[in-house]
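Chain by chain, the residues run as shown.
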Amino acid sequence: MPLLNPNRLFPTENRTRDLARGLYQSIENLPIISPHGHCDPRWFAENQRFPNPAELFVVPDHYAFRMLVSRGVTMEDLSIPRNDGAEGIVDPKEVWRSLAKNFHLFRGTPTSMWLEHSFEQVFGIDVALSAETADFYYETIDKKLASPDFLPRALFERFNIEVLSTTESALDDLKWHKQISASGWDGRIVTTYRPDAVVDPEFEGFTQNVSALGDLTGEDVSSWIGYLRAHRVRREFFKQHGATASDHGHLTANTADLSKVDAEELYSKVVSGKASATEADLFRGQMLTEMARMSLDDGLTLQIHAGSRRNHHAGVLSVYGRDKGFDIPGRTDYVEALQPLLNTVGFEPGLKIILFTLDETTYSRELAPLAGAYPCLLLGPPWWFFDSYEGIKRFRETTTETCGFYNTAGFNDDTRAFCSIPARHDVARRSDCAYLANLVATGRLREDEAYQVAYDLTYKLAKDAYNL
Amino acid sequence: MPLLNPNRLFPTENRTRDLARGLYQSIENLPIISPHGHCDPRWFAENQRFPNPAELFVVPDHYAFRMLVSRGVTMEDLSIPRNDGAEGIVDPKEVWRSLAKNFHLFRGTPTSMWLEHSFEQVFGIDVALSAETADFYYETIDKKLASPDFLPRALFERFNIEVLSTTESALDDLKWHKQISASGWDGRIVTTYRPDAVVDPEFEGFTQNVSALGDLTGEDVSSWIGYLRAHRVRREFFKQHGATASDHGHLTANTADLSKVDAEELYSKVVSGKASATEADLFRGQMLTEMARMSLDDGLTLQIHAGSRRNHHAGVLSVYGRDKGFDIPGRTDYVEALQPLLNTVGFEPGLKIILFTLDETTYSRELAPLAGAYPCLLLGPPWWFFDSYEGIKRFRETTTETCGFYNTAGFNDDTRAFCSIPARHDVARRSDCAYLANLVATGRLREDEAYQVAYDLTYKLAKDAYNL
Amino acid sequence: MPLLNPNRLFPTENRTRDLARGLYQSIENLPIISPHGHCDPRWFAENQRFPNPAELFVVPDHYAFRMLVSRGVTMEDLSIPRNDGAEGIVDPKEVWRSLAKNFHLFRGTPTSMWLEHSFEQVFGIDVALSAETADFYYETIDKKLASPDFLPRALFERFNIEVLSTTESALDDLKWHKQISASGWDGRIVTTYRPDAVVDPEFEGFTQNVSALGDLTGEDVSSWIGYLRAHRVRREFFKQHGATASDHGHLTANTADLSKVDAEELYSKVVSGKASATEADLFRGQMLTEMARMSLDDGLTLQIHAGSRRNHHAGVLSVYGRDKGFDIPGRTDYVEALQPLLNTVGFEPGLKIILFTLDETTYSRELAPLAGAYPCLLLGPPWWFFDSYEGIKRFRETTTETCGFYNTAGFNDDTRAFCSIPARHDVARRSDCAYLANLVATGRLREDEAYQVAYDLTYKLAKDAYNL
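Protein chains in written order, with the numbering used here: chain A, 399 to 866; chain B, 399 to 866; chain C, 399 to 866.
There could be a bad hint or two in this list.
Same chains, same label: a pair holds when it works inside one copy or across any pair of copies.
What the hints assert, rightly or not - Derived pair list, reagent style BS3-like, types lysine-lysine, alpha-carbon separation capped at 27 Å:
no. : residue 1 : residue 2
1   : Lys573    : Lys672
2   : Lys658    : Lys541
3   : Lys858    : Lys491
4   : Lys573    : Lys861
5   : Lys858    : Lys499
6   : Lys542    : Lys491
7   : Lys861    : Lys499
8   : Lys672    : Lys491
9   : Lys672    : Lys541
10  : Lys791    : Lys541
11  : Lys499    : Lys541
12  : Lys573    : Lys658
The set of hints was computed from the structure by calculation and includes no laboratory data.
What you are looking at is a predicted structure, and each value in this text was computed from that prediction instead of being measured.
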């Protein structure tokens with residue numbers, strides 16, 4: 399019995415389901431454009447086998463392990479590596495069993511759909527995961543991982559990925575990207591300029607980071623002008639390794655447009671470590687506007703991922719570090735927040751700013767009205783918790799009527815779980831086709847238009863938005 | 399091939415669709431009650447032909463042109479008139495071509511449904527609008543506009559409008575309404591008292607406006623009492639021209655109930671131009687309560703349209719002026735905001751206050767609980783960005799369970815696009831019938847009840863709410 | 399003609415409806431677990447007949463009478479008892495007629511479903527309630543209420559209630575629970591520890607209440623330590639009368655984790671009546687953390703019901719008192735609010751904290767991410783205004799994808815309307831089965847999994863969450 403229902407995510411009513419299936423069949427084999435994510439470029443540079451099923455599917459994926467933790471499995475049980483460098487000591491087979499015997503926790507979640515898609519489509523398994531089948535699963539996957547067909551580059555090709563963007567710190571030496579280029583392999587893997595560590599005064603080690611930025615670029619980062627020049631130099635370096643975008647993970651979407659004098663003064667406070675929380679936020683906001691100005695020159699698309707209250711539990715942060723499932727969304731304002739930036743560059747031709755949110759209430763109230771007016775704005779796809787059937791449905795239902803399809807930026811998988819990439823794109827494609835079929839069936843779109851839109855949502859909009 | 403699907407907006411499942419169609423057929427030909435909108439009374443006073451397709455469908459309609467602007471068409475390309483009085487100089491045929499070749503931007507939006515409804519039902523066109531058909535469209539529409547059947551009064555009659563409310567500033571001389579009355583034409587067009595310009599201390603020219611209010615009424619507007627009397631005089635004047643309601647477009651829904659002494663003091667600050675932003679908001683809030691008190695005497699229904707952050711882009715405001723598509727909704731509170739007013743007049747018999755919002759999160763959390771408790775409160779229909787199939791669906795789904803149907807005020811088209819009136823009412827009627835059919839099909843309402851509710855939502859509730 | 403459609407609340411598409419019906423049939427006869435509510439234990443202690451239909455269905459139920467009030471029926475017309483002890487003087491038959499002739503106001507609301515379920519299933523009536531049938535209804539119900547089969551205990555048994563939790567003030571003597579125990583009747587009715595009156599410095603009579611707490615326990619409540627000990631004593635007393643949970647109705651979800659010194663200082667301010675509003679909120683927040691610490695020892699589940707702006711209309715409060723339908727939800731934050739408590743006890747094994755909200759925007763943004771990470775957190779079912787088909791649908795759609803089913807706590811009826819208990823559980827069971835059927839039909843859950851989840855949602859999760 400296959401794990402996957404071939405009609406999954408399509409509408410239940412027959413005619414609408416047939417419409418959805420027709421649309422889906424027209425785009426299901428299009429190449430994957432993955433313009434934003436967190437895969438490790440080292441995988442493709444070294445092309446070594448993935449170590450084992452637990453380290454492929456559980457240990458690095460906070461979607462998976464936080465759910466287990468939420469029902470009492472401990473981080474230790476799951477061999478989550480500690481901040482002090484201590485590796486987990488639990489046998490990976492035991493970690494896998496923890497996932498298997500608690501797999502019911504994922505019922506109704508996209509994580510279970512992504513995992514089952516990988517199990518069936520990538521590893522050819524056709525029984526459900528449970529305590530009983532845990533070891534069968536482990537051995538089947540582990541054995542396949544050892545074969546050449548399951549090396550990172552082979553999977554990349556099998557997944558039909560046309561381009562994959564990774565995300566690197568502004569201080570990264572991009573050596574894995576260099577190694578990929580040098581290898582002669584023709585998989586297209588590009589980097590993205592993520593300068594949080596040198597833009598956010600509240601980031602761990604900010605002042606040292608800025609100093610390192612100066613060393614890397616030879617610019618005098620003690621001055622505001624030198625600091626900005628250093629960014630331009632690094633952006634150019636990232637562009638040489640394929641970057642077509644920058645990305646900014648900020649607590650708020652606040653932007654600023656300070657006078658040069660005020661910006662200089664703020665920078666000197668910030669770089670000396672004396673900025674208050676308000677000044678830190680103001681500086682991040684000023685830097686979004688500066689980054690937009692740099693985009694006018696170098697053409698990088700600017701992505702804003704705002705609103706995560708990261709590291710909610712102090713104990714988890716101190717023992718296990720960042721990105722451990724304890725990042726919680728919060729209310730986020732975009733209307734006043736983006737006004738300084740938009741008043742400055744909102745009408746600049748060619749500028750592309752992609753907005754992401756973890757506050758779904760802003761879709762209809764703020765983001766769609768903004769994107770439906772300002773030429774520079776595009777809406778990114780549903781992010782993180784909302785990259786799911788219902789999440790995508792709510793996104794389409796609450797944005798399309800105000801800003802249409804053509805102010806959106808296609809799909810991002812935004813994942814560090816490589817094997818979930820085809821699954822995530824498949825969920826997005828099916829969910830979009832379901833939505834389009836419903837528009838056709840209710841007379842809100844003609845069928846020929848729906849086919850065009852399905853193609854655009856799957857392929858064209860992402861390529862255009864990211865200049866790929 | 400017709401542009402419009404005869405089953406549009408009905409549920410897809412057969413039995414539910416049949417229920418919806420039956421309900422719709424019972425109300426589709428009821429006259430249109432349009433109790434709130436922004437049509438220009440001059441059209442009906444002068445009864446001149448509409449100039450051309452671009453000036454009918456694009457130039458005055460910020461729904462249409464902001465979407466084009468959002469994807470890079472310029473205001474100039476669209477001949478949007480400038481604030482300095484300069485008219486657009488682009489050939490209207492070119493403006494129309496801009497709409498036509500970008501018409502895919504509107505896919506999935508209510509604007510495309512409204513436009514196609516007008517194209518087919520008003521102008522008899524049965525091909526889709528595109529770059530190829532742009533000139534055919536232009537000529538067809540332009541030719542028809544020249545015929546007597548397409549003059550404003552003829553269209554008003556053809557649209558089966560029983561009553562149309564326009565909205566005029568408190569300082570308006572209502573000359574077009576007088577001219578309509580004097581003409582002997584029996585179309586019922588009434589005005590609405592909109593005093594923002596003399597109530598909002600942050601309105602352009604506020605102090606001069608107040609002074610003009612004094613001149614118009616002969617009241618001494620240097621005193622609080624005289625100022626309030628001047629409003630009573632103007633309300634009476636508006637009533638003589640058919641007004642049954644006042645309307646208030648405020649940044650927040652804040653209300654106040656100051657002592658006479660405090661109100662006098664606040665007024666003297668406000669009228670001398672010395673009020674802070676907080677005081678300005680307090681004054682607007684006090685005036686909502688004062689207007690409610692006047693309603694107790696003169697019976698005007700009080701409408702509150704709160705929450706638009708108007709003129710978000712300073713450059714668009716300075717060059718093109720207000721109402722140019724750059725008004726963005728924001729979070730709006732009603733619970734604390736309305737408390738002063740409701741504590742004062744919330745139980746007054748006969749008082750009717752209709753609440754509108756651009757913050758859909760307030761439907762279930764604030765507005766339905768308030769309207770489901772206070773006798774004076776009614777909920778207006780989904781406003782602006784939410785006057786659409788999904789918007790209406792969300793409104794019904796999130797309000798009905800708490801305040802039922804009978805604490806709502808029927809439909810408003812709220813439009814300045816005359817030809818869209820039948821289309822907008824048709825969307826509302828179909829959307830409501832779809833919702834009712836779904837209630838019947840899921841055993842939440844009996845069929846005979848649904849027929850009654852369909853009639854009430856289409857016709858009776860609006861007439862009752864606005865005393866029409 | 400029966401009032402109730404046997405397929406009510408099931409999906410309309412045939413196959414999905416069949417799936418839902420199958421799921422429902424597997425759980426419809428499971429016993430009712432009612433772990434949180436406001437029934438009066440006196441009913442079961444004395445087992446006297448309910449006085450009449452009006453006092454059974456209208457007078458005590460703010461869901462019913464606030465809707466009538468919202469359309470102009472007065473509190474007086476409905477014999478709502480006054481705060482000064484004056485009983486209503488309107489003939490209960492007239493009160494009933496007010497309900498009957500205005501019953502259309504409830505169309506589309508859960509109240510109409512609950513009432514019709516009671517009318518048909520409990521009282522065997524099969525005609526619709528209206529002005530015409532009002533007296534027939536009154537006489538039929540009144541006559542039945544006089545028979546032994548309609549006494550409270552008989553109904554309790556007929557309703558197949560396995561356990562019913564009531565909610566009592568920390569100062570309650572629990573005499574009705576004692577009387578139930580002493581009577582030898584084997585219906586399981588347990589109390590819940592609700593200490594708002596002695597925890598909330600803004601509660602009416604707070605200082606006297608605290609003093610009474612001292613008297614009841616013999617602890618020295620002039621000291622912080624004595625006050626905490628007094629709570630422990632009372633919690634133990636409540637446990638002896640069956641309590642497995644405490645419950646906290648707070649304006650916000652704020653928590654605190656003060657040092658002992660700061661907590662002592664705050665307590666001395668609070669108990670002397672000198673606390674500011676901010677300090678009062680801080681104290682309530684500190685007490686949530688203290689209650690969680692006590693739960694670590696005594697095992698009571700901690701419930702937080704946050705966000706109601708109670709007693710919105712001052713006049714209603716002063717004349718009619720609390721709980722009269724004028725409690726309005728407001729925006730509520732959980733992310734920062736719960737952080738102090740979660741940082742302290744969030745990972746304590748065995749701790750169970752159940753969160754409720756009146757702000758649905760927090761489901762996907764805050765509550766599901768929190769419950770999907772912290773081991774101690776569970777989500778309570780949709781509360782108050784959202785205990786309905788659409789409310790349950792939104793809850794499942796916005797929480798399941800992030801925290802699954804197993805971070806939720808089953809259903810609560812939370813009612814003071816005894817006869818509505820079977821109706822409310824039936825709505826929840828049907829709504830959940832409809833949701834599950836839709837997951838199966840769209841390939842998001844396998845059918846065998848859905849049957850397991852239906853059982854868990856109906857029965858197991860509530861028993862587990864409340865240690866019943």
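Quick rundown of the hints versus the structure:
Taking CA atoms no more than 27 Å apart as the test, Lys573 paired with Lys672 passes in neither setting, with 34 Å inside one copy and 62 Å between copies. In this assembly of identical chains, Lys658 and Lys541 lie within 27 Å of each other by CA distance neither inside one copy nor across copies; the values are 60 Å within and 57 Å between. Proximity of Lys858 to Lys491 under the C-alpha cut-off of 27 Å is found in neither arrangement, the shortest distances being 42 Å within a copy and 30 Å between copies. Proximity of Lys573 and Lys861 under a CA criterion of 27 Å is satisfied intra-copy only: 25 Å inside one chain copy versus 55 Å between copies.
Taking identical chains as interchangeable, the C-alpha atoms of Lys858 and Lys499 lie at most 27 Å apart only when they sit on different chains, with a minimum of 18 Å there against 41 Å within one chain. In the homo-oligomer, the alpha carbons of Lys542 and Lys491 lie at most 27 Å apart inside one protomer (16 Å), although the nearest pairing across protomers, at 64 Å, exceeds that limit. Proximity of Lys861 to Lys499 under the C-alpha cut-off of 27 Å is restricted to the inter-copy arrangement: shortest distance 22 Å between copies versus 41 Å within a copy. Taking the shortest alpha-carbon separations for Lys672 and Lys491, neither the intra-copy value of 49 Å nor the inter-copy value of 60 Å comes in at or below 27 Å.
In the homo-oligomer, the alpha carbons of Lys672 and Lys541 never lie at most 27 Å apart, since the shortest distance is 55 Å inside one protomer and 70 Å across protomers. Taking identical chains as interchangeable, the C-alpha atoms of Lys791 and Lys541 are never at most 27 Å apart, the minima being 38 Å within one chain and 43 Å between chains. Taking CA atoms no more than 27 Å apart as the test, Lys499 paired with Lys541 passes inside one copy only; the shortest distance there is 21 Å, against 56 Å between copies. Proximity of Lys573 to Lys658 under the C-alpha cut-off of 27 Å is found in neither arrangement, the shortest distances being 35 Å within a copy and 53 Å between copies.
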